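2 protein chains.
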Amino acid sequence: MSATQSQLREAAKLLLESENVLIFTHQRPDGDALGSSFGLKYFLESSGKKAEVFIPGTIPHRHTKLFSGYLSDLPEDKFNAFDTFVSVDCANPARLGAPEFLTIEELRTKRFINIDHHGGNSMGSAFFNLVSGNTASCSELLVKIMCASEITIPEKCASPLLTGMMTDTGCFRFSNTSADTMRNAAILLERGAELEKIVNAVFFSKPLNQMRFENELMREHLKFALDNRIAYACIPPELAKKYDFNIKEDEGLIDLLREIDGVIIAMLLYEGPGGIKISMRSKESRYPVGPVARAFNGGGHELAAGATYEGSIGDAEKALVEKLTQLFA
Amino acid sequence: MSATQSQLREAAKLLLESENVLIFTHQRPDGDALGSSFGLKYFLESSGKKAEVFIPGTIPHRHTKLFSGYLSDLPEDKFNAFDTFVSVDCANPARLGAPEFLTIEELRTKRFINIDHHGGNSMGSAFFNLVSGNTASCSELLVKIMCASEITIPEKCASPLLTGMMTDTGCFRFSNTSADTMRNAAILLERGAELEKIVNAVFFSKPLNQMRFENELMREHLKFALDNRIAYACIPPELAKKYDFNIKEDEGLIDLLREIDGVIIAMLLYEGPGGIKISMRSKESRYPVGPVARAFNGGGHELAAGATYEGSIGDAEKALVEKLTQLFA
Chain V
403 MSATQSQLRE AAKLLLESEN VLIFTHQRPD GDALGSSFGL KYFLESSGKK
453 AEVFIPGTIP HRHTKLFSGY LSDLPEDKFN AFDTFVSVDC ANPARLGAPE
503 FLTIEELRTK RFINIDHHGG NSMGSAFFNL VSGNTASCSE LLVKIMCASE
553 ITIPEKCASP LLTGMMTDTG CFRFSNTSAD TMRNAAILLE RGAELEKIVN
603 AVFFSKPLNQ MRFENELMRE HLKFALDNRI AYACIPPELA KKYDFNIKED
653 EGLIDLLREI DGVIIAMLLY EGPGGIKISM RSKESRYPVG PVARAFNGGG
703 HELAAGATYE GSIGDAEKAL VEKLTQLFA
Chain E
403 MSATQSQLRE AAKLLLESEN VLIFTHQRPD GDALGSSFGL KYFLESSGKK
453 AEVFIPGTIP HRHTKLFSGY LSDLPEDKFN AFDTFVSVDC ANPARLGAPE
503 FLTIEELRTK RFINIDHHGG NSMGSAFFNL VSGNTASCSE LLVKIMCASE
553 ITIPEKCASP LLTGMMTDTG CFRFSNTSAD TMRNAAILLE RGAELEKIVN
603 AVFFSKPLNQ MRFENELMRE HLKFALDNRI AYACIPPELA KKYDFNIKED
653 EGLIDLLREI DGVIIAMLLY EGPGGIKISM RSKESRYPVG PVARAFNGGG
703 HELAAGATYE GSIGDAEKAL VEKLTQLFA
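Chains as they are written, first to last, in our numbering: chain V, 403 to 731; chain E, 403 to 731.
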């Protein structure tokens, strides 16, 4: 599902016809969620609009050097002052980071613009949806929208959007990276995206306690299945405590398993709110983890997906390894 | 120092006027050395030329999935059958991987084309030099030459050249990455470069023994200086032996130090042939390691450089840390 030029132009037009915009993204925002949100905010502001990003709670430490100035709390009366609501990079209502009083049903009655790159997006705006499942990141989709608007991308947007593009493509290594992706990144570099600053802040910024946590995890808890084609780890809660480390901060953890020679699928399991959190990555298109995640009521992309398992971590491990093994049958 | 269009066209013309080409690169070839060599070989072959790559010894394991079919041994009579000699990605005669009988003085009497992206290149061909110090990789310089030739880049060249581009830019994360770099990568993707295959072979292919070697190195031998702005490790020879691991295979090892939050300069020291091998990286343009490498008779780029130190590893550590510290004075 690719966005057409006319859809991109329509999205740009609707965004620019708004006056006071509230931007949402998914809970536990990653680089693409934040890059999309702030890239859009600065784009709208540079066109004379008002725009705010709403994020419940805090953002991961690694992103605090690049992203600041968002609402974490929003009284209902202030909420009603916005005329347009935009959700970026959020695949479904359950993941939306919105004020508690807001239901998806109410949001759908508003001037609500849904912009996403998750193929199975179910936000279901009654007003306007732009879902492009084959665009590598929501930030890249916004670059396309901005290019379609014929407004030169403001310099302030360039770094947030490049951050998002780099996060979701694993720095242009994942197979969602296309020639278009590279050209859109080139546009952002020309518009002033600060590569050195982004990379040092987001990719070369591993805190020492995280490094030590990862070191022990890989030494003591790495497991393999199916002749090493599956590598996985169940993260003991006490390990994270030992290093005073918040697992949710670690977007790149799973890549330590993925980068091992011969591994095709990498998986992490850990106890989270609401059950065992499962995160999966595949290195080869012919062994997609998307269907496995969906079989456990999860979602994501074909090569990067996740789910929540209700039960013990041991049961989750057994069930998931079995399901993943079937991919190779 | 940037290559002009007329220089690029001239390089393409001279390459295509040759009939039987021998391609050299630097010793201990990395992804850019190999990508440049094989990319050029396939380009020439697709235009009906004969071309061979000469590499003394073996190539790193991680590159064997992508690169094969080179000469490691070349009798003097066969050498004389080549009409043109091309050196790619080789900064100086001391680093050239050439047959033992060949001196630089003799090479300079030949139809010798020197193509490189190291600013201080001293190969000094009397026939033709194309040195572009601000191009991120020699592979990218070859993309530019091929585009200037007006021959569509053959599909077979695309993957080797993208491998080289990705190696020398750290997957488009290092500050040598420009908008042009991204556009040249886009061209290669359109010409059929196999991103998934490259990434799995080169970047997601860490052998288990390497992972365990790195794990112990980071746990037991990581040192800091200057409030963690300098991170470094002296690799004990017995550690590499313990894990049956060849340090020279590990292009990415230094990135484990570089990626730590707050670290600006990363350095590795280990005992090699001819002295203590020193490898340095800087994350910030205002603290270049190039001058430090040159102060120890080494070379490289401003943010990625190396040298060989004659003396004990302890003396090397002391001398280098002192010199690096002066950068921050």
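Think of the hints as simulated: they come from the structure by calculation, not from any bench.
Computed from a predicted model, the values in this text were never measured in an experiment.
Check the hints yourself; a few may be wrong.
Copies of the same chain are indistinguishable here, so a pair counts whether it falls within one copy or spans any two.
Stated by the list, open to error - Restricting the straight-line Cα-Cα distance to at most 27 Å, the calculated cross-link-like pairs of lysine-lysine (DSS-like) are:
| id | residue 1 | residue 2 |
| --- | --- | --- |
| 1 | K650 | K452 |
| 2 | K720 | K643 |
| 3 | K512 | K650 |
| 4 | K643 | K480 |
| 5 | K625 | K467 |
| 6 | K720 | K452 |
| 7 | K644 | K451 |
| 8 | K452 | K644 |
| 9 | K625 | K643 |
| 10 | K644 | K599 |
| 11 | K512 | K467 |
| 12 | K625 | K599 |
| 13 | K643 | K599 |
| 14 | K451 | K725 |
| 15 | K480 | K720 |
| 16 | K451 | K643 |
| 17 | K599 | K725 |
| 18 | K467 | K415 |
Numbers of unmet hints, in rising order: 1, 3, 4, 6, 7, 8, 10, 11, 13, 14, 15, 16 and 18
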